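The listed protein sequences derive, respectively, from chains B and X. Residues in the first sequence are numbered consecutively from 1, following this note's numbering. Residues in the second sequence are numbered consecutively from 1, following this note's numbering.
Heads up, a few of these hints could be off.
To be verified - Some chain X residues judged to face chain B by a derived CB distance under 7 Å, without partners named: (1) Q102; (2) R105; (3) S106; (4) S114; (5) D116; (6) F118; (7) V201.
Keep in mind the hints are simulated off the structure, nothing from the lab. Fair warning: this is a prediction, and the values are worked out from it, not measured in the lab. Even glycine gets a Cβ: it sits at the ideal position worked out from N, Cα and C.
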Amino acid sequence: MDWGLVHAYTPLFVTALRVTLMVSAGGVAAALVVGLLVAIVRLWHVPVLDQLSIAYVEVARNTPSLVQLFFLYFGLPKLGILLSQETCAIVCLAFLGGGYMAEAFRAALVAVPPIQHESAQVLGLTRRQAMRHVVLPQAMAQATPALVANVVFLVKESSVVSGIALADLMYVAKDIIGQSYDTVEALFLLVVAYAIILLPISAVGSAIERRFAYGR
Amino acid sequence: MSDRTRASIPANSTSAPTAQSSAPLSGRQPVLELRNVTKRFGPLTVLDGIDLSVAQGEVVVLVGPSGCGKSTLLRCTVGLEQIDGGEVLLDGEVVSGRERTQQDRSRMGMVFQSYDLFPNMSVIDNVTLAPTIVRGQSQKDAREKAKALLARVGLADRADARPSTLSGGQQQRVAICRALAMEPEVLLLDEVTAALDPEMVHEVLQVVLELADDGLTMLIVTHEMSFAQAIADRVVMLDAGHIVEEGGPEFFTNPKTERAKAFLRTFEFHRSGRDS
Ligand SMILES: Nc1ncnc2c1ncn2[C@@H]1O[C@H](COP(=O)(O)OP(=O)(O)OP(=O)(O)O)[C@@H](O)[C@H]1O
Ligand SMILES: [Mg+2]
Chain B
1 MDWGLVHAYT PLFVTALRVT LMVSAGGVAA ALVVGLLVAI VRLWHVPVLD
51 QLSIAYVEVA RNTPSLVQLF FLYFGLPKLG ILLSQETCAI VCLAFLGGGY
101 MAEAFRAALV AVPPIQHESA QVLGLTRRQA MRHVVLPQAM AQATPALVAN
151 VVFLVKESSV VSGIALADLM YVAKDIIGQS YDTVEALFLL VVAYAIILLP
201 ISAVGSAIER RFAYGR
Chain X
1 MSDRTRASIP ANSTSAPTAQ SSAPLSGRQP VLELRNVTKR FGPLTVLDGI
51 DLSVAQGEVV VLVGPSGCGK STLLRCTVGL EQIDGGEVLL DGEVVSGRER
101 TQQDRSRMGM VFQSYDLFPN MSVIDNVTLA PTIVRGQSQK DAREKAKALL
151 ARVGLADRAD ARPSTLSGGQ QQRVAICRAL AMEPEVLLLD EVTAALDPEM
201 VHEVLQVVLE LADDGLTMLI VTHEMSFAQA IADRVVMLDA GHIVEEGGPE
251 FFTNPKTERA KAFLRTFEFH RSGRDS
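Same shape as in the complex, but just chain B (with noise of 0.2 Å):
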């Protein structure tokens, strides 16, 4: 490996890392909000809602995310809507990973006991309060593994959108590789900058499992 050629890369990793960063924090925090709307919508079985939801998730997570963005790339401007690579991108890691975090929020609140719900009714809270204060933060102590793993997940599955030129990591390394063939090199700083944002995210993964652990 020539580490020459490695520094003298490094700057072009470092713009594209920003780019995947970039994507992946807004990709996760809308997954995330999207992922538990359809959740506690499921839970409640909102009427018309509820199917539209379990129809969402199928999709999301039954189909290849380069169809999605480039569905939501090429085929919306067709109906009149134009978003910028960087919207496409993000929306487009939202609606995969919202189908995804949703299973993983549902699956922890149906683990919390029917009686917290029922006490918490008792009680007088409305359905909101009870999931604010009650149920959720419950859900939570059990949801964090799998939203963790899908946390990884949708970083790693950011590198589709080199799939609509957006000049992310992959986007980077694939152009080097083809223009220069110094594969080694790229590859070498394609995985040095995927383990500076992935190793740190399972870091503070489990931290907050322990932050959540109660104990029943």
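Given the structure of chain B, go ahead and fit chain X with the ligands onto it with the hints provided.
Coordinates of chain X with the ligands only, in the frame set by chain B:
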């Protein structure tokens, strides 16, 4: 205030104080009233036209064989189950048959058999949660009241503990405090000691007895017969969805119906070949 006097749980309350008449405490406005309440689960009619009223300050004990519908009756009363017929009245006002308002629901307290404290918050936060977010009390006021309640059940020093670090008996006492913090007009208890180790039963029932002495209106389901006898102003026996007998605490010593006699015999032990 109560016009009853009680000693302790095993007290053989044959010395009936004045107000322990077998009829609902007459002349007093019922706090809670069930009129012709019917509840079905699919083809199964669990409650079949139940009429029951609980007067201000009265303690009604509901007994009956397992599966006869006692829990269902309490759950229908507080609105955890929708009833299929009849109505539930609180202070003369119908509260069943529609989505209950937040205020309606908070006017009745209920403590369940299983431990159901919120594990994600401390003991005192369990007690202050509903008063602050449902009633809008300030944190400070709610905490002061919660501390007083916890002190009353002997748990002042555990205010900041997590529920999971308490014994079952302690958890049930906190659950009672949590219900009382909302100052319910009537408190419903569903076999609150059934899940406890025997040595913890007494401490919880003692708390309930003290509440009765303070004049709290209660509807209690229990299998602890000596406790039931000590605390009851009135006993209602349920069997197969019907009230089969209703009377004062003499129910336990002198039941009138065959059903009640048979039921009470299930709590006795005899060795064959000996006189009991
Ligand atoms: N959600 C439900 N769905 C269907 N059947 C139910 C439901 N809840 C209770 N039942 C049935 O209703 C009947 C009465 O149950 P309930 O729990 O009220 O009895 P119980 O008197 O409290 O009994 P126990 O003394 O064992 O607590 C039982 O036959 C029970 O199987
Ligand atoms: Mg029961």
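For each hint, the structure was consulted:
no.: 1; hint: Q102; in the structure: 5 Å, holds
no.: 2; hint: R105; in the structure: 5 Å, holds
no.: 3; hint: S106; in the structure: 3 Å, holds
no.: 4; hint: S114; in the structure: 6 Å, holds
no.: 5; hint: D116; in the structure: 5 Å, holds
no.: 6; hint: F118; in the structure: 5 Å, holds
no.: 7; hint: V201; in the structure: 20 Å, violated
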